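As they're listed, the protein sequences go chains A and B.
Counting from 1, position 10 in the first sequence corresponds to residue 15 in the working numbering; the numbering is continuous, with no gaps.
Counting from 1, position 65 in the second sequence corresponds to residue 76 in the working numbering; the numbering is continuous, with no gaps.
The hints are simulated quantities; they were obtained by calculation from the structure and are not laboratory data.
A hint or two may mislead.
[To be verified] Reference listing, derived: stretches of chain B covered by chain A, where coverage requires no fewer than 3 residues with Cβ under 8 Å from a Cβ of chain A:
hint : segment
1    : 166 to 176
2    : 283 to 290
[To be verified] Taking CB as the label site, the calculated pair distances span:
hint : chain 1 : residue 1 : chain 2 : residue 2 : range
3    : A       : Leu112    : B       : Leu211    : 19 to 29 Å
4    : A       : Asp108    : B       : Met348    : 44 to 54 Å
5    : A       : Met6      : B       : Leu363    : 47 to 57 Å
6    : A       : Lys116    : B       : Val244    : 24 to 34 Å
7    : B       : Val296    : A       : Lys139    : 16 to 26 Å
8    : A       : Ile18     : B       : Asn372    : 55 to 65 Å
9    : A       : Arg77     : B       : Leu211    : 52 to 62 Å
10   : B       : Gly277    : A       : Ile18     : 40 to 50 Å
11   : A       : Lys116    : B       : Leu333    : 45 to 55 Å
[Unchecked claim] Pulled from the structure, derived: some chain A residues nowhere near chain B, Cβ distances all over 12 Å:
hint : residue
12   : Ile32
13   : Met79
14   : Ser87
15   : Lys135
16   : Val142
17   : Asp146
18   : Asn186
19   : Asp190
20   : Lys197
These numbers were taken from a predicted model, which means no experiment stands behind them.
For each residue, glycine too, the CB sits at the ideal point set by N, CA and C.
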Amino acid sequence: MRKADKIRLVCYILAAGAAFAYPVGKIISFEYPSVPPHVYVFETEIRDPYDPMRGHYVRLNFKQNRVRLANRNMKLQEWGASCYAVLEANPDGTARISDLVTDRKRLPAGKDFLKVKYLYLEQNFDGKRKTPEKTGVHVIDLPFNRFYLNERLAPEAEQAVRESTRRGKAFVRVKIYRNGNFVLDDLVVDGKPILERLRGKSAK
Amino acid sequence: MTSTADLIERGAVMAEKGGMVRWFLKELPKLREGGVIDSGAEENLQKYYREQLAAAVPPQKYFLLALSIVGSTLIAGGIILLFNYNWDMFSKTTRIGIAFLPLVLGAALSVYTLVAGRAQAWREGAAVLTSAGTAVAIALLSQIYHTGGTLSEFMTLVLLLALPQIYIFDSVALVTLYAAGLFLTLGGWCGPACLLTLGLLLAGILPFAGWHLLREASPYRIWMRYLAMGFAVFALAAFGEKYSLGLILYTVCAVFLLASMRPQEGGERMLRNPWLPVSFFLLLVLLSIGTYEGGRMFNAHLYRKSPDEIWYFWLAEGGFLLAFVLLLVRDCFRKQMNFHRLMILVLVLAALLGTILNAYNVNNIYMRIVLIVYMGVFGVTLLMRGCRENNMLVFNSGLLMCGLLIGLRFFDADIGLPARAIGFIVLGLGFIGANVVFSRKLARAKSTEVNHA
Numbered sequence: 006m007r008k009a010d011k012i013r014l015v016c017y018i019l020a021a022g023a024a025f026a027y028p029v030g031k032i033i034s035f036e037y038p039s040v041p042p043h044v045y046v047f048e049t050e051i052r053d054p055y056d057p058m059r060g061h062y063v064r065l066n067f068k069q070n071r072v073r074l075a076n077r078n079m080k081l082q083e084w085g086a087s088c089y090a091v092l093e094a095n096p097d098g099t100a101r102i103s104d105l106v107t108d109r110k111r112l113p114a115g116k117d118f119l120k121v122k123y124l125y126l127e128q129n130f131d132g133k134r135k136t137p138e139k140t141g142v143h144v145i146d147l148p149f150n151r152f153y154l155n156e157r158l159a160p161e162a163e164q165a166v167r168e169s170t171r172r173g174k175a176f177v178r179v180k181i182y183r184n185g186n187f188v189l190d191d192l193v194v195d196g197k198p199i200l201e202r203l204r205g206k207s208a209k
Numbered sequence: 012m013t014s015t016a017d018l019i020e021r022g023a024v025m026a027e028k029g030g031m032v033r034w035f036l037k038e039l040p041k042l043r044e045g046g047v048i049d050s051g052a053e054e055n056l057q058k059y060y061r062e063q064l065a066a067a068v069p070p071q072k073y074f075l076l077a078l079s080i081v082g083s084t085l086i087a088g089g090i091i092l093l094f095n096y097n098w099d100m101f102s103k104t105t106r107i108g109i110a111f112l113p114l115v116l117g118a119a120l121s122v123y124t125l126v127a128g129r130a131q132a133w134r135e136g137a138a139v140l141t142s143a144g145t146a147v148a149i150a151l152l153s154q155i156y157h158t159g160g161t162l163s164e165f166m167t168l169v170l171l172l173a174l175p176q177i178y179i180f181d182s183v184a185l186v187t188l189y190a191a192g193l194f195l196t197l198g199g200w201c202g203p204a205c206l207l208t209l210g211l212l213l214a215g216i217l218p219f220a221g222w223h224l225l226r227e228a229s230p231y232r233i234w235m236r237y238l239a240m241g242f243a244v245f246a247l248a249a250f251g252e253k254y255s256l257g258l259i260l261y262t263v264c265a266v267f268l269l270a271s272m273r274p275q276e277g278g279e280r281m282l283r284n285p286w287l288p289v290s291f292f293l294l295l296v297l298l299s300i301g302t303y304e305g306g307r308m309f310n311a312h313l314y315r316k317s318p319d320e321i322w323y324f325w326l327a328e329g330g331f332l333l334a335f336v337l338l339l340v341r342d343c344f345r346k347q348m349n350f351h352r353l354m355i356l357v358l359v360l361a362a363l364l365g366t367i368l369n370a371y372n373v374n375n376i377y378m379r380i381v382l383i384v385y386m387g388v389f390g391v392t393l394l395m396r397g398c399r400e401n402n403m404l405v406f407n408s409g410l411l412m413c414g415l416l417i418g419l420r421f422f423d424a425d426i427g428l429p430a431r432a433i434g435f436i437v438l439g440l441g442f443i444g445a446n447v448v449f450s451r452k453l454a455r456a457k458s459t460e461v462n463h464a
């Protein structure tokens, strides 16, 4: 083995180590977290778009994307800039965004949070003066907006949610970790996980 | 050890040379009949060149290599789709195992290639497979855990992890993919943190590109000239809009035009020196706009821009200016400075002046006049140089620049349609006439050369 290739081999081991470390680290942080994650429930609508390489997946459209804050109701950021959404649970178990902060250092201690994309401020409208006000509702983009499903099941899932939203509700269960990481746990329609519901339907 | 690029280059040369050799073999009997060579010399030449032809790698081999690359890509794509279709049948552990499979294969191939000291083709494959394996592992894990994320974030991570592979394997295939992947890192809104990442990704690849561009013996030199233009376009897309797009465009154009002059003077063909046609075309476009827009061309777009973003713009602009100065100094030391190199320096100075004048809201007309005079002088001097050196390309470049300037300013003027029509006809006739006269001059010069010989 040539000397140059020996040096290359050492460099390669280091570089490949880094390439392995990132995904392995992700798996460890998801499977064996130092602090167990909290499960939050987000109410959602779903659509079934098609992608040539990924096939069908379910696109999620959350109601929590619109945030009204009493103490912070002016524009926070430019379109597309990142900010942090502080999470709390409502009495019915659904997630609520209690605050939006632009600096991670200003996050309240002990609270779960998500890094989100700030879109715009939907301004309130002054009916008397017929002009938009400076205050309004923050529109954000939650970092999870797709749930992967089997090629055959995605259209059925959309149909199931469409039927259920007339009668019941669709929710996504999300595990939020202390460092802001998240994992989509399940899509729940009418109190049942979507796969269980669809498989039950096809068994009938 | 022979690299892939070297082989491809040799293949291209052989394809070209092979045609020439075959033509020469057909000429040999005529040369013998004409009394230029005797039958012994003809026999020797026939023998020598037929052996050369037999030893040459046929160009079909490279065509087959390209086809096999396309074929294996399609097969890999099909396998991915099959896995995708049956994905939810597997347990989570199996899915994670499958996600790591390409990366493990890439690592195994890389270690084997380095330990066994395999040729460059193996190294290219190892670099690409390791990087593609990393991308597949990250993408599939994101899918398994439904963790979301944007394409630009994903590509940033993949490119950062691919960067060392390029250097370790000296891989031109991976650097080409890297150049394409850079454009996928450009998301919608890009703040200072994102600009820093983009800058680092670009800065990370520049030593590799620079090394191959400067090394005359590098087999990747020509291909790197094409990629360098891609990197410049990426820098423009990432940082150009943060302050004055006009200024950075003029600077980039000047850098590539100056860099293209040495290969052009060395007689390199257009395909081997792509900087020349591209930068000259860009110069024509920029000057055409500049002579109309004047100082407005160098408008600073400060709306919703933070000081950090402007700082990143100047960092990019500074990088291009530094490259320009280094090229100029190199040419000075090699005693290659001439009037047109000075004109390119004037172009950069004019762009900087335009930006300053625009910042102080000086009347637009001054910059317009500067650029009109510049375009006229550049065009006329190119025409003169073309005539002096009997160079059709330089002559036509000058003619094009002068014609464009006259046409644009004529089009601008407040005159009637018939007069404009006549003006354009006169310009067109002038263009054709000048070329006919110049062709005759060239033919005369050639016949004089032959007579002297």
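Stated coverage of the segment 283 to 290 of chain B by chain A [criterion: 3+ residues, CB within 8 Å]:
Our answer is that it is violated, as 0 residues pass the Cβ test (under 8 Å) against chain A, missing three.
Would the non-interface assignment of Met79 of chain A survive a Cβ cutoff of 12 Å against chain B?
16 Å, holds
The output says Ser87 of chain A does not contact chain B. Does that hold with a beta carbon cutoff of 12 Å?
It is violated; Ser87 of chain A is separated from chain B by about 8 Å at its closest Cβ, not greater than 12 Å.
Is it true that the C-beta distance of Lys116 of chain A to Val244 of chain B lies inside 24 to 34 Å, as the hint says?
44 Å, violated
Find the nearest Cβ of chain B to the Cβ of Val142 of chain A and say whether that gap is larger than 12 Å.
20 Å, holds
Minimum Cβ distance from Asp146 of chain A to chain B greater than 12 Å, as the annotation requires
Incorrect as stated: the minimum Cβ-Cβ distance to chain B is 10 Å, not above 12 Å.
Holds or violated: is the Cβ of Lys197 of chain A farther than 12 Å from all Cβ atoms of chain B?
At roughly 17 Å from the nearest Cβ of chain B, Lys197 of chain A sits farther out than 12 Å, so the non-interface label holds.
Return holds or violated for the Cβ distance of Ile18 of chain A and Asn372 of chain B against the range 55 to 65 Å.
Given about 59 Å between the Cβ atoms, the range holds.
Outside-interface status for Asn186 of chain A - nearest CB in chain B farther than 12 Å
8 Å, violated
Look at the Cβ atoms of Arg77 of chain A and Leu211 of chain B and judge whether their distance stays inside 52 to 62 Å.
33 Å, violated
Given a hint of 40 to 50 Å, does the C-beta separation of Gly277 of chain B and Ile18 of chain A actually sit inside it?
42 Å, holds
Take the segment 166 to 176 of chain B, compare each residue's beta carbon with every beta carbon of chain A, and decide whether three or more fall closer than 8 Å.
holds (count 4)
Of the numbered hints listed earlier, those contradicted by the structure are 2, 6, 7, 9, 12, 14, 17, 18 and 19.
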